[in-house]
Amino acid sequence: MGRVSVVVPTRGRPDALARCVAALEAQTVPVEVVVIEDAEGRGPAWARNEGVRRARAEVVCFTDDDCVPVAGWVEALTAPILAGEAEAATGRIAIGKGATAADRAWEAIVNYLQVEAAATGTASPGFAVTANLAARRSLLERFPFDESFPAAAGEDRDWGERVAREGSGTRFMPEAIVEHQSGMSALAFLRQQYRYGRGATRYRAGAFNRRPGSPGFYAGLIRAGFTSGLAPGLLVSVAQVATLVGAVRETARIRPHDTFLRSRR
0 MGRVSVVVPT
10 RGRPDALARC
20 VAALEAQTVP
30 VEVVVIEDAE
40 GRGPAWARNE
50 GVRRARAEVV
60 CFTDDDCVPV
70 AGWVEALTAP
80 ILAGEAEAAT
90 GRIAIGKGAT
100 AADRAWEAIV
110 NYLQVEAAAT
120 GTASPGFAVT
130 ANLAARRSLL
140 ERFPFDESFP
150 AAAGEDRDWG
160 ERVAREGSGT
170 RFMPEAIVEH
180 QSGMSALAFL
190 RQQYRYGRGA
200 TRYRAGAFNR
210 RPGSPGFYAG
220 LIRAGFTSGL
230 APGLLVSVAQ
240 VATLVGAVRE
250 TARIRPHDTF
260 LRSRR
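Residue numbers (numbering that gives the first Met the number 0): 0 to 264.
I should point out that these hints are in silico values taken from the structure, not numbers from a laboratory.
Be aware that one or more of the hints could be misleading.
Ranges of calculated distance between the beta carbons of each label pair, as one might list FRET restraints [what the hints assert, rightly or not]:
hint : residue 1 : residue 2 : range
1    : Val28     : Arg52     : 19 to 29 angstroms
2    : Glu140    : Val247    : 28 to 38 angstroms
3    : Arg12     : Ala70     : 20 to 30 angstroms
4    : Leu233    : Thr27     : 19 to 29 angstroms
5    : Arg222    : Gly40     : 35 to 45 angstroms
6    : Arg222    : Val244    : 16 to 26 angstroms
7    : Ala218    : Arg55     : 43 to 53 angstroms
8    : Ala21     : Gly212    : 36 to 46 angstroms
Backbone N, C-alpha and C define an ideal beta-carbon position, used for all residues, glycine too.
Take the sequences, apply the hints, and build the full model.
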């Protein structure tokens, strides 16, 4: 058994999954590939935890079924962990050929959050993209993903913040790249951002010291969108409304005693 396992959560996307697995099998180092089919819709947090339970290597990487890791991804991402310099690492998300305006808007948001994660006083400390993440098994056993998050929205921020709070931190490796499948429509993007709003509310309910970003944070996010073009910038701007609507809806759904219990984790 090699020193690295790669967990791929999936649900109903066999063609995309086949491309992802082919890219993993073509990596420059041998890896154990662990595919977790979430047939019951338990959520990506559950799928990742289940993957960790089944994986056998000392370092576990994560990517998504609609992503294609580039050559050398595993080596670049796991280098600081295997060298004993970090317990976790995250890499860069790139958009493949044929990217839509929505794809570029999503890429701008993710890249902005990764940069902001290292800023002093950030609202998203330790933010790590789970489509491009590696961690030592011992860290993942101490800090499993929170399965109370029902969708792919907020559970990554929650994990990163808990790890950062304990002092482990996550090393950013920009040379570790995965390409995200292109072709997202504007409507799909806005629906995604609505889910992110709901996830962000659940994330902030998890601890009293989690707060929303400052006006400057959101202004910088919109500027980042416009650096990718007019259409992506407009979509990032409209996405703030979708996120707000999602946040309001989720606030109404979270019961006070649930918030209290989660805050005592």
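Here is how each hint holds up against the structure:
Checked against the given bound of 19 to 29 angstroms, the beta carbons of Val28 and Arg52, roughly 23 angstroms apart, stay inside it. A hinted range of 28 to 38 angstroms for the beta carbons of Glu140 and Val247 is consistent with their spacing of about 36 angstroms. Checked against the hint of 20 to 30 angstroms, the C-beta distance between Arg12 and Ala70 comes to roughly 23 angstroms, which is consistent with it. For the pair Leu233 and Thr27, the beta carbons lie near 40 angstroms from each other, so the given range of 19 to 29 angstroms is not met.
The given range of 35 to 45 angstroms is respected by Arg222 and Gly40, whose C-beta atoms sit roughly 37 angstroms from each other. Remark: the range hint 16 to 26 angstroms for Arg222 to Val244 is upheld by a beta-carbon distance near 22 angstroms. For Ala218 paired with Arg55, a C-beta distance near 46 angstroms keeps the hint of 43 to 53 angstroms intact. Roughly 38 angstroms separates the CB atoms of Ala21 and Gly212, a value that falls within the hinted 36 to 46 angstroms.
When each numbered hint is compared with the structure, a violation occurs for hint 4 only.
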